[in-house]
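Asks: Residues per chain are reported as follows:
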Amino acid sequence: GALVYQYPRRTICKSGTSMRMECQAVGFQATSVAWYRQSPQKTFELIALSTVNSAIKYEQNFTQEKFPISHPNLSFSSMTVLNAYLEDRGLYLCGASPYWGNYAEQFFGPGTRLTVL
Amino acid sequence: QQKVQQSPESLSVPEGGMASLNCTSSDRNFQYFWWYRQHSGEGPKALMSIFSDGDKKEGRFTAHLNKASLHVSLHIRDSQPSDSALYFCAVSDSGGSNAKLTFGKGTKLSVKS
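Quick mapping for you: the protein sequence lines, in order, are chains X and A. Heads up: the first sequence runs through residues 19 to 135, numbered per the numbering used here. Heads up: the second sequence runs through residues 872 to 984, numbered per the numbering used here.
For the record, the hints were derived by calculation from the structure and aren't laboratory data. Note that the coordinates shown come from a computational prediction; the quantities given were computed from them, not determined experimentally. It is possible that part of the hints are untrue.
Said to hold, decoys possible - Computed cross-link-like contacts, EDC-like style, restricted to lysine to aspartate or glutamate with a CA-CA straight-line distance of at most 16 Å:
| # | chain 1 | residue 1 | chain 2 | residue 2 |
| --- | --- | --- | --- | --- |
| 1 | A | Lys-874 | X | Glu-63 |
| 2 | A | Lys-938 | A | Asp-949 |
| 3 | X | Lys-60 | X | Asp-106 |
| 4 | A | Lys-971 | A | Asp-924 |
| 5 | A | Lys-971 | X | Asp-106 |
| 6 | A | Lys-916 | X | Glu-123 |
| 7 | X | Lys-60 | X | Glu-105 |
| 8 | X | Lys-75 | X | Glu-63 |
| 9 | A | Lys-874 | X | Glu-123 |
| 10 | A | Lys-976 | X | Glu-63 |
| 11 | X | Lys-60 | X | Glu-83 |
| 12 | A | Lys-971 | X | Glu-105 |
| 13 | X | Lys-84 | X | Glu-105 |
| 14 | X | Lys-32 | X | Glu-105 |
| 15 | A | Lys-874 | X | Glu-105 |
| 16 | X | Lys-32 | X | Glu-123 |
| 17 | A | Lys-938 | A | Asp-954 |
| 18 | A | Lys-938 | A | Asp-898 |
| 19 | X | Lys-60 | A | Glu-880 |
| 20 | X | Lys-60 | A | Asp-949 |
Claimed, not checked - Computed Cβ-Cβ distance ranges for the label pairs, DEER-style:
| # | chain 1 | residue 1 | chain 2 | residue 2 | range |
| --- | --- | --- | --- | --- | --- |
| 21 | A | Ser-981 | X | Ala-73 | 40 to 50 Å |
| 22 | A | Ser-965 | X | Pro-86 | 45 to 55 Å |
| 23 | X | Pro-90 | A | Gly-887 | 41 to 51 Å |
| 24 | A | Asn-937 | X | Leu-135 | 46 to 56 Å |
The beta-carbon is built from N, C-alpha and C at its ideal position, and this holds for glycine as well.
Okay, chain X solo, but in the shape it has when bound (with noise of 0.2 Å):
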């Protein structure tokens, strides 16, 4: 089946520091790998698209120069948090779609948990 897995699961990091984050797909071959940010509320933001072969999409209020991604291949991407301050906290998804057909759906990983003090 389908997988994708996360690491760390959680992390602190202290006001002003670096934090990266992994996100491994097994058992298919991620085309493209999203990556999301869920809020203490639920709520979701789309970090950056990214596909292979393409540029990578950061979505607005969000930058490569404090959200850097890298893809490097079809099972594999990271994400860094630069600086990370208070309102960096929450669950980082990455969500993996293969290329079966015409539509895709997004296989998510369980998340890394970023706790800033």
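Since chain X is already given, all that's left is putting chain A on it; use the hints.
Replies: Coordinates of chain A only, in the frame set by chain X:
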């Protein structure tokens, strides 16, 4: 304005009952609908997608899409305690692998045994 509106915010049904959840898109460009379910401590998992008018049934779950009104509903029959979770409606402007999903705020379903 929120692009995806979900209702109700929370819902409680007895075990064996029918749960009905609603979702409306406010942008006519976004006509591809997904339902995701998220249990506590886990990432969301896709339940089903619906892209055409009418009903789509998968086991105890039935989705109904009305493209004219951009409204989709999800009905869960014979609800089980294990169905207790957050249910999210997500919409996109395409169904391809590079589709950008926009999520609603979710409906919290509680199934009481």
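Asks: Flag every earlier hint the structure violates by its number, smallest first.
Replies: 2, 4, 5, 9, 11, 12, 15, 16, 17, 20 and 22
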